Amino acid sequence: MALDAKVKWISEAVIEQLKEWDEIRGRRSNSLDTILESLGKQLVPPDFHQASSGSSLFGSQHSDEEPEAAGQSPNPQRSPTLTLRDQRSARKEKELRDRKRWKTLRDFVDERAIEDVLDAIENDRNDLDVVLGATDSYPENLMNTISGIEQSLPAKTAVPPINEIIHLQAEVSTQMAGHLESLASHYEQMAGALRESEAGEAFSEDDLQDMNRDTEELPSIMAELEESILSIESSHEQLSTGKAAFEKQLELLPATLRDLDELGEIMTEMLQRQEGVETDADERIASLHQSLLTLEDLHQRFIAFQISFDKLLVEMARRKQYREAAEKIVEGMMSQLETMAEEERLVRVQFNTEQGAHLPADICLCIENPPTRWEVLPWNGEAMEELPDIDYDLIVEARERVAGVEDVVPGNESL
Numbered sequence: 001m002a003l004d005a006k007v008k009w010i011s012e013a014v015i016e017q018l019k020e021w022d023e024i025r026g027r028r029s030n031s032l033d034t035i036l037e038s039l040g041k042q043l044v045p046p047d048f049h050q051a052s053s054g055s056s057l058f059g060s061q062h063s064d065e066e067p068e069a070a071g072q073s074p075n076p077q078r079s080p081t082l083t084l085r086d087q088r089s090a091r092k093e094k095e096l097r098d099r100k101r102w103k104t105l106r107d108f109v110d111e112r113a114i115e116d117v118l119d120a121i122e123n124d125r126n127d128l129d130v131v132l133g134a135t136d137s138y139p140e141n142l143m144n145t146i147s148g149i150e151q152s153l154p155a156k157t158a159v160p161p162i163n164e165i166i167h168l169q170a171e172v173s174t175q176m177a178g179h180l181e182s183l184a185s186h187y188e189q190m191a192g193a194l195r196e197s198e199a200g201e202a203f204s205e206d207d208l209q210d211m212n213r214d215t216e217e218l219p220s221i222m223a224e225l226e227e228s229i230l231s232i233e234s235s236h237e238q239l240s241t242g243k244a245a246f247e248k249q250l251e252l253l254p255a256t257l258r259d260l261d262e263l264g265e266i267m268t269e270m271l272q273r274q275e276g277v278e279t280d281a282d283e284r285i286a287s288l289h290q291s292l293l294t295l296e297d298l299h300q301r302f303i304a305f306q307i308s309f310d311k312l313l314v315e316m317a318r319r320k321q322y323r324e325a326a327e328k329i330v331e332g333m334m335s336q337l338e339t340m341a342e343e344e345r346l347v348r349v350q351f352n353t354e355q356g357a358h359l360p361a362d363i364c365l366c367i368e369n370p371p372t373r374w375e376v377l378p379w380n381g382e383a384m385e386e387l388p389d390i391d392y393d394l395i396v397e398a399r400e401r402v403a404g405v406e407d408v409v410p411g412n413e414s415l
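Its first residue numbered 1, the sequence shown is counted upward by one per residue in the numbering used here.
Check before you lean on any hint, since a few could be wrong.
[Said to hold, decoys possible] Straight line, CA to CA, 25 Å or less: simulated PhoX-like cross-link-like pairs of lysine-lysine: (1) Lys-100 to Lys-41; (2) Lys-243 to Lys-156; (3) Lys-103 to Lys-248; (4) Lys-103 to Lys-311; (5) Lys-100 to Lys-248; (6) Lys-41 to Lys-311; (7) Lys-156 to Lys-41; (8) Lys-41 to Lys-103.
[Said to hold, decoys possible] Distance windows between CB atoms, simulated: (9) Glu-251 to Ile-162: 15 to 23 Å; (10) Glu-150 to Arg-273: 23 to 31 Å; (11) Ala-193 to Ile-162: 15 to 23 Å; (12) Glu-400 to Glu-20: 33 to 41 Å; (13) Leu-337 to Ala-403: 40 to 48 Å; (14) Lys-19 to Asp-116: 20 to 28 Å; (15) Gly-40 to Glu-382: 23 to 31 Å; (16) Glu-324 to Glu-368: 39 to 47 Å; (17) Asp-127 to Glu-324: 36 to 44 Å; (18) Leu-387 to Glu-342: 15 to 23 Å; (19) Asp-136 to Ala-403: 52 to 60 Å; (20) Ala-304 to Glu-324: 28 to 36 Å; (21) Ile-363 to Asp-389: 57 to 65 Å; (22) Glu-400 to Asp-136: 33 to 41 Å.
Simulated from the structure, these hints should not be mistaken for lab results.
Since this is a predicted model, take the numbers as computed values, not measurements.
Beta carbons are placed, not taken as given, at the ideal position from N, Cα and C, and that holds for glycine.
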């Protein structure tokens, strides 16, 4: 039946799709757990912590270990060398943080948002089970209804062999007709003999023997007629009994027909409901497959997050090398200028000592001036660049991971 085919579609096609979906979801959930565990093992140097606003899957994290003055810029008017020396000494004096208390990349992931996504997917999956379960009882209910109709049918009655009975009655009737004709012929013969006897006619010995023989056969003929009558009465009784049974069954058939009509209406309603379940299930399955793309997107975003952070560590190391190279140039230039200024001062002192006594005091007043001392400062009063402290082993690990990744390009969306 069509309903059975629809239910079979649910039990085979949809369940097979859900089985495949569950397997894919399991794999992608495991992949998501794996990348989250990997993020949980990757340390973030404390100097990287900063407050962020907004809501995303990476959350808004605040460091409890950073002083409020961490964001203040050094005085741009101070000597860069003095500033650098102060920064280095501050780092040396700062107590080393225990790595067990460091944040990890996973601390910057909004796991509640991930749980909300996973819960929404699980709820959608459970809702689909509820939709599919709405018609689970249809086959059983249908079979119970059909069984009830079958049980309400009248019990099977032994049908008398009507054709045989009619054929037998025809034979018996033919035989009775023959006997009756014989009796009528015998009666006419005896009536004729009686008239002849009354008329004084004498019968021959042969005539008397024939009449006696016919008379002796009368009891057997009468017995056969009685048996034929009994046979006809028996056949009539069988036919009457069968007719009564059939009439009784006919009385029950209208109720059965009404039950069948109601069953037809129920089956039509079931088919319509089943078609609605099919449509709803198809839409929900499509939505579930879309949710798998969400899991894959989360997985890829966290992979990109980890790769970008590794590249960030490498970039910070490169910038530190650039800064140190610039510092060395500045320190070398400052040292060279200090040396030149000191040498120039000594030359001027010697000149003034040797020649000053011979020159009037009001001639070339600048002769007593010391040489100009130089100081190299950031351009246009800009603040010195501050870079986070990164342990060397973290940089090495980041470089190894970046070197092992090929063709990974983070998306345009900000992490």
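Now for the hints, and whether the structure bears them out:
1. As the CA atoms of Lys-100 and Lys-41 are separated by approximately 11 Å, the hinted pair is consistent with the 25 Å bound.
2. In summary, the hint linking Lys-243 to Lys-156 is supported, as the alpha carbons are separated by about 14 Å, within the 25 Å threshold.
3. This hinted pair does not check out: Lys-103 and Lys-248 have alpha carbons roughly 89 Å apart, beyond 25 Å.
4. Proximity of Lys-103 to Lys-311 is assessed by CA-CA distance (about 18 Å); at most 25 Å being required, the pair is judged to hold.
5. Using a Cα cut-off of 25 Å, the hinted pair Lys-100 and Lys-248 is violated, with the two alpha carbons roughly 92 Å apart.
6. For the given pair, Lys-41 sits about 17 Å from Lys-311 by alpha-carbon distance, which is consistent with the 25 Å threshold.
7. Between Lys-156 and Lys-41, the direct Cα distance comes to roughly 79 Å. Violation of the 25 Å bound is thereby established for this hinted pair.
8. Restraint check for Lys-41 and Lys-103: the C-alpha separation of about 10 Å stays at or below 25 Å, so the hint holds.
9. At about 21 Å, the CB distance of Glu-251 to Ile-162 agrees with the hint of 15 to 23 Å.
10. Checked against the given bound of 23 to 31 Å, the beta carbons of Glu-150 and Arg-273, roughly 24 Å apart, stay inside it.
11. Here the CB-CB span from Ala-193 to Ile-162 is close to 46 Å, at odds with the stated 15 to 23 Å.
12. Checking the proposed 33 to 41 Å range against Glu-400 and Glu-20 shows it holds: the Cβ atoms sit about 37 Å from each other.
13. In this structure the hint that Leu-337 and Ala-403 lie 40 to 48 Å apart at CB holds, the actual value being about 42 Å.
14. A beta carbon spacing of about 26 Å between Lys-19 and Asp-116 agrees with the range 20 to 28 Å that was offered as a hint.
15. Between Gly-40 and Glu-382 the CB atoms are about 38 Å apart, so this pair departs from the stated range of 23 to 31 Å.
16. Restraint check, Glu-324 to Glu-368: a C-beta distance of roughly 41 Å satisfies the suggested window 39 to 47 Å.
17. Range check, Asp-127 to Glu-324: about 60 Å between beta-carbon atoms, so the 36 to 44 Å window is missed.
18. At roughly 33 Å, the beta-carbon separation of Leu-387 and Glu-342 lies outside the given 15 to 23 Å, and the hint is violated.
19. At about 56 Å, the CB distance of Asp-136 to Ala-403 agrees with the hint of 52 to 60 Å.
20. Taken as a hint, the range 28 to 36 Å holds for the pair Ala-304 and Glu-324, whose Cβ atoms sit roughly 30 Å apart.
21. Under the hint 57 to 65 Å, the C-beta atoms of Ile-363 and Asp-389, about 58 Å apart, fit the expected range.
22. At roughly 55 Å, the beta carbons of Glu-400 and Asp-136 sit outside the given window of 33 to 41 Å.
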